[in-house]
Amino acid sequence: MANDTPMFVIENLHASIDDKEILRGVNLTINKGEVHALMGPNGSGKSTLAYVLAGHPSYEVTEGSILFNGEDILEKEPDERARDGIFLAFQYPTVIPGVSMANFLRMAVTNVRSARSAAANDGGAQKLAPREFRRLMREKMALLKMDDAFATRYLNEGFSGGEKKRAEILQMALLEPTMAILDETDSGLDIDALRVVSDGVNALAGPEMGILLITHYQRLLNHIKPHHVHIMMSGRIVQSGGPELAMELEAKGYEQLRAEVAAD
769 MANDTPMFVI
779 ENLHASIDDK
789 EILRGVNLTI
799 NKGEVHALMG
809 PNGSGKSTLA
819 YVLAGHPSYE
829 VTEGSILFNG
839 EDILEKEPDE
849 RARDGIFLAF
859 QYPTVIPGVS
869 MANFLRMAVT
879 NVRSARSAAA
889 NDGGAQKLAP
899 REFRRLMREK
909 MALLKMDDAF
919 ATRYLNEGFS
929 GGEKKRAEIL
939 QMALLEPTMA
949 ILDETDSGLD
959 IDALRVVSDG
969 VNALAGPEMG
979 ILLITHYQRL
989 LNHIKPHHVH
999 IMMSGRIVQS
1009 GGPELAMELE
1019 AKGYEQLRAE
1029 VAAD
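Add 768 to a position in the sequence shown, counting from 1, and you land on the number used in my numbering.
Do not rely on the hints blindly, as some may be mistaken.
Derived PhoX-like pairs: lysine-lysine, alpha-carbon spacing no greater than 25 Å straight-line [said to hold, decoys possible]:
| id | residue 1 | residue 2 |
| --- | --- | --- |
| 1 | Lys993 | Lys800 |
| 2 | Lys844 | Lys788 |
| 3 | Lys908 | Lys800 |
| 4 | Lys908 | Lys993 |
| 5 | Lys1020 | Lys993 |
| 6 | Lys913 | Lys1020 |
| 7 | Lys844 | Lys800 |
Bear in mind the hints are in silico, worked out from the structure with no lab data behind them. Values in this document were obtained by computation on a predicted structure and should not be read as measured data.
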């Protein structure tokens, strides 16, 4: 479980796209070692929040702050945030024809390690030899029950929904972030694939990592147990609680909850 030092703090976050406000004052604190689930109906702003946290250039933050390890990251580019230790698993991963999984991952791991080493002033990261990288990659692929041949395929090209999700979690395993944002990781997964991906996330979670798990459904939370659950509606977090809140939502549905929130 987490210590008392806030690692990731979102305060009064407002964000727009094409002059349309989507986030309307989001507040959320995630400590090291915590898993937070963010639930809500379609159009509530969940994926927008994920993109804004990762630094997507299409979104404009008009108010508020995002503190990561005490530093406001709003002025940082997406690659800087990634090197700092923020990871976003996309709901719809990008297809990159002509670039193999292995080459993409080796480049990403090398860049992130070099940046972290420079930030730590430890004299520079030792270059990851091809053989050592292949060993590390196979180790993480085995965790996700991925065939070795997967590494030679072009990134997300022709991947099934389950394969795309496994590829995202493989990136997470190799990049070793301290803050992971998983945007609807359960989308498009059958029962077996859901279990494999969930087991992978659980194996990677630890006392130094915070996880924000964005989902519509309780079924993912049966496999990845959150410490806190938040409900998002109309660009704000309207209710927070423990794991029981997800069960309550499953029983009531969003419409009843929306009516209760409006009545308060």
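Evaluated hints:
Note on lysine 993 and lysine 800: the hinted pairing holds, with a Cα-Cα distance of about 15 Å set against a maximum of 25 Å. Distance check on the hinted pair: lysine 844 and lysine 788 sit about 23 Å apart at the alpha-carbon level, within 25 Å; holds. About 22 Å separates the Cα atoms of lysine 908 and lysine 800, which keeps this hinted pair within 25 Å; it holds. Restraint check for lysine 908 and lysine 993: satisfied, since their Cα atoms lie roughly 22 Å apart, inside the 25 Å limit.
In summary, the hint linking lysine 1020 to lysine 993 is supported, as the alpha carbons are separated by about 20 Å, within the 25 Å threshold. This hinted pair does not check out: lysine 913 and lysine 1020 have alpha carbons roughly 36 Å apart, beyond 25 Å. Restraint check: the Cα-Cα separation between lysine 844 and lysine 800 comes to about 21 Å, which is no more than 25 Å; the hinted pair holds.
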